[in-house]
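Participant: Sequence:
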Amino acid sequence: MLKMSSYYARRPLQSSGCSNSDSCWDGAPIEITESGPSVAGRLAALASRMTIKPLMTVGSYLSPLPLPLGFVDFACRVWRPGQGTVRTTINLPNATAQLVRAPGVRAADGAGRVVLYLHGGAFVMCGPNSHSRIVNALSGFAESPVLIVDYRLIPKHSLGMALDDCHDAYQWLRARGYRPEQIVLAGDSAGGYLALALAQRLQCDDEKPAAIVAISPLLQLAKGPKQDHPNIGTDAMFPARAFDALAAWVRAAAAKNMVDGRPEDLYEPLDHIESSLPPTLIHVSGSEVLLHDAQLGAGKLAAAGVCAEVRVWPGQAHLFQLATPLVPEATCSLRQIGQFIRDATADSSLSPVHRSRYVAGSPRAASRGAFGQSPI
57 MLKMSSYYAR
67 RPLQSSGCSN
77 SDSCWDGAPI
87 EITESGPSVA
97 GRLAALASRM
107 TIKPLMTVGS
117 YLSPLPLPLG
127 FVDFACRVWR
137 PGQGTVRTTI
147 NLPNATAQLV
157 RAPGVRAADG
167 AGRVVLYLHG
177 GAFVMCGPNS
187 HSRIVNALSG
197 FAESPVLIVD
207 YRLIPKHSLG
217 MALDDCHDAY
227 QWLRARGYRP
237 EQIVLAGDSA
247 GGYLALALAQ
257 RLQCDDEKPA
267 AIVAISPLLQ
277 LAKGPKQDHP
287 NIGTDAMFPA
297 RAFDALAAWV
307 RAAAAKNMVD
317 GRPEDLYEPL
327 DHIESSLPPT
337 LIHVSGSEVL
347 LHDAQLGAGK
357 LAAAGVCAEV
367 RVWPGQAHLF
377 QLATPLVPEA
387 TCSLRQIGQF
397 IRDATADSSL
407 SPVHRSRYVA
417 GSPRAASRGA
427 FGQSPI
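In terms of the working numbering, the sequence shown opens at residue 57 and continues consecutively.
Where hints are given, some of them may not hold.
[To be verified] List time: in silico DSSO-like cross-link candidates among lysine-lysine, alpha-carbon distance up to 30 Å:
#1 Lys212 x Lys279
#2 Lys279 x Lys109
#3 Lys356 x Lys279
#4 Lys109 x Lys264
#5 Lys212 x Lys109
#6 Lys312 x Lys109
#7 Lys264 x Lys356
#8 Lys312 x Lys279
[Stated by the list, open to error] Ranges between beta-carbon positions, derived for each pair:
#9 Arg143 x Arg235: 19 to 29 Å
#10 Tyr117 x Arg398: 29 to 39 Å
#11 Thr113 x Lys312: 36 to 46 Å
#12 Val114 x Ala311: 17 to 27 Å
FYI, nobody ran anything at the bench for these hints, they're computed from the structure. Note that CB positions come from ideal geometry on N, CA and C, so glycine has one too.
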């Protein structure tokens, strides 16, 4: 990969209309190493190492037991939105989502841009409340409504079911009048897996969103490459055994949810990279083990001719963006992502569009509950 200092390498990732020679530099992704870490960033990483990582270690040994992981998102309800932020609950066929608008952001009326956000949490925990700081900030920086999906979690449900919920949320946006080129798929950690897998599912429908944003993404279910990565010793959150627990949860969820009489197949998005995927921006800590997935994914995307850029933030904790505004790098990262989203959707029409075939009398729309164009 091509490495440059953050001072000299400020070339933005272009939107989906960019040429491969301009964006991928002959099949190689652009990798930019940012400055830092700041004192606040170091303290946040230390706090994660001293608190979250020990809990992850204990939890990985208890993974076969039914743990009250749903409490995590419930407890985060104490994080109240900023003044003027609008949050609306959206009902999907098998899940819910939360539509978030920062102050001054237009309603989700099918005009302008919109972000579909898929939260992380190892597929087993978290939700709109735990990720409210990221989503609220991203809505402001991207000048866009953000729809965050509270998808079904493993091991009670399967990864396929979680992806179904994400697909339903995308269809809800289409029903509001948004076209694919107005929609950006974004996700962190396990949500990065879902964002890429959703983009690949949409390829079957000849739908190409404007872009993908992946923050500290898990892009490969295989645990071995991560456990063998040098960053397994520097990661401030994940012990090696955490990936054993994740693999066990995923297998248990697949076995519990049968498809055609057998366990659901485990899907590896990086085995299905095609040139028609949207341009992709990845932000990741230089100290975390998921740097492996970020660089591997960017390399595969660029080799296929997809615009891919990785921004590496040295010394930060996994998903340090949760620490905005306390950690300056967290705010800077989200501001960069917001700019990328605006650039990726700059060519899309800003005028309202008529409701698509997903609304107008289609059986699918009827079964999912078509929505009118009241502002939300």
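Participant: Now tell me, hint by hint, if it's right for this structure.
Facilitator: Here's how the hints hold up against the structure:
1. Lys212 x Lys279: 21 Å, holds
2. Lys279 x Lys109: 18 Å, holds
3. Lys356 x Lys279: 18 Å, holds
4. Lys109 x Lys264: 38 Å, violated
5. Lys212 x Lys109: Between Lys212 and Lys109 the Cα gap is close to 24 Å, so the pair holds against 30 Å.
6. Lys312 x Lys109: 29 Å, holds
7. Lys264 x Lys356: 18 Å, holds
8. Lys312 x Lys279: Given that 30 Å is the threshold and the Cα spacing comes to 21 Å, the pair holds.
9. Arg143 x Arg235: 19 to 29 Å: The hint (19 to 29 Å, Cβ to Cβ) holds, given that Arg143 and Arg235 are roughly 25 Å apart.
10. Tyr117 x Arg398: 29 to 39 Å: For Tyr117 and Arg398 the Cβ distance comes to about 45 Å; the hint is violated.
11. Thr113 x Lys312: 36 to 46 Å: With a Cβ separation near 26 Å, Thr113 and Lys312 fall outside 36 to 46 Å, so the hint is violated.
12. Val114 x Ala311: 17 to 27 Å: 25 Å, holds
Of the numbered hints given earlier, the model fails hints 4, 10 and 11; all others are met.
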